[in-house]
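Student: The hints should help you fit chain F onto chain D, whose structure is shown.
Number of protein chains: 2
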Amino acid sequence: MAVLCIEHIGIRVHDMNASITFYQQVFGMEVNGRIDFPDAPVSLVFLGFPQSPEQIIELISGVVGEVPEEGRVNHLAFTVDDVRAEWERLKKLGIRFMKDEITRLPNGSEYIFLYGPSGEHLELFQRAPSALG
Amino acid sequence: MAVLCIEHIGIRVHDMNASITFYQQVFGMEVNGRIDFPDAPVSLVFLGFPQSPEQIIELISGVVGEVPEEGRVNHLAFTVDDVRAEWERLKKLGIRFMKDEITRLPNGSEYIFLYGPSGEHLELFQRAPSALG
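These protein sequences, in sequence, are chains D and F. Numbered according to my numbering, the first sequence spans residues 2 to 134. Numbered according to my numbering, the second sequence spans residues 2 to 134.
Keep in mind that a hint or two might mislead.
Each pair may be met inside one copy or between any two copies, as identical chains are not told apart.
As the list claims (entries may be wrong) - Straight line, CA to CA, 25 Å or less: simulated SDA-like cross-link-like pairs of lysine to any residue: (1) K100 to E70; (2) K92 to R105; (3) K92 to E55; (4) K93 to S62; (5) K92 to E31; (6) K100 to V68; (7) K93 to P39; (8) K93 to Q25; (9) K100 to A3; (10) K100 to P69; (11) K93 to A3; (12) K93 to G66.
Everything labelled a hint here was simulated from the structure, so no lab data went into it.
If we strip away everything but chain D, and leave its shape as in the complex, we get (with noise of 0.2 Å):
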């Protein structure tokens, strides 16, 4: 098995600006990182904690669709280092995926989403080389 530790935890914010100013007043995080999408007014922005680098929120604005308050702590993601060889894996233990397609990052980092058993957002994400996203 190849699950290595949590990746990040993904929240769907409105402002961009405003939830990173919110992130850093707050809580004393730093961005570390930023993509921005070539066909979609999407932006993730990645913070983190200089003394804590393992831990790493993703910001997430612009998506089509509005979330339920309670849903905006949206989804939690988990290091993998072969994304393919663990969604292999839990296909064959019977675990629901959302898509049946790994899905590329514009810096090439891969991830596919899944569910929980109480139906809990879980993503599996295959880090690109030198990409922090």
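Tutor: Just chain F now, kept in the frame of chain D:
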């Protein structure tokens, strides 16, 4: 400022035993602690990775009230060294809190919930000496 790191990610579950098995089997996590409440059917179970002790998932069962599927990955908690001092600091910044009082767990840890700028559910968590959760 004394917000130190992320404390845990809270996940609302329907069936605690099924969820513990899932996080063990699918992600290789281990149970590190459990809190049962004397006056309510609520249970909290804490899981982590042996190689990544800073990263904790809190499974929550028995809370009254259903949450939508999007809200099952439910909240994000930050570790603070003095929850009263942080509460006072953030009230002066105009941050909205869910309750006007700090809650104490059976093991002595204390917390208070607040809203992020998109309504996301966040928590300040002061761990009791020698308590996991």
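Student: Run every hint past the structure and note whether it holds.
Tutor: We went through each hint and held it up to the structure:
Taking the closest pair of Cα atoms, K100 and E70 come within 25 Å of each other both inside a single copy (24 Å) and across two copies (17 Å). Proximity of K92 to R105 under the C-alpha cut-off of 25 Å is restricted to the intra-copy arrangement: shortest distance 20 Å within a copy versus 41 Å between copies. When the C-alpha separation of K92 and E55 is checked against a cutoff of 25 Å, the pair qualifies neither within a copy, at 28 Å, nor between copies, at 29 Å. Taking identical chains as interchangeable, the C-alpha atoms of K93 and S62 are never at most 25 Å apart, the minima being 34 Å within one chain and 27 Å between chains.
In this assembly of identical chains, the alpha carbons of K92 and E31 lie at most 25 Å apart only when taken from different copies (22 Å versus 37 Å within one copy). Taking CA atoms no more than 25 Å apart as the test, K100 paired with V68 passes in both settings, with 19 Å inside one copy and 23 Å between copies. In this assembly of identical chains, K93 and P39 lie within 25 Å of each other by CA distance neither inside one copy nor across copies; the values are 35 Å within and 40 Å between. Taking the shortest Cα distances, K93 and Q25 sit within 25 Å of each other only across copies (16 Å), while inside one copy they are farther apart (42 Å).
When the C-alpha separation of K100 and A3 is checked against a cutoff of 25 Å, the pair qualifies only within one copy, where the shortest distance is 21 Å, while the shortest distance between copies is 41 Å. Taking identical chains as interchangeable, the C-alpha atoms of K100 and P69 lie at most 25 Å apart whether they share a chain (22 Å) or sit on different chains (20 Å). Proximity of K93 to A3 under the C-alpha cut-off of 25 Å is restricted to the intra-copy arrangement: shortest distance 16 Å within a copy versus 45 Å between copies. Taking the shortest Cα distances, K93 and G66 never come within 25 Å of each other, neither inside one copy (31 Å) nor across copies (33 Å).
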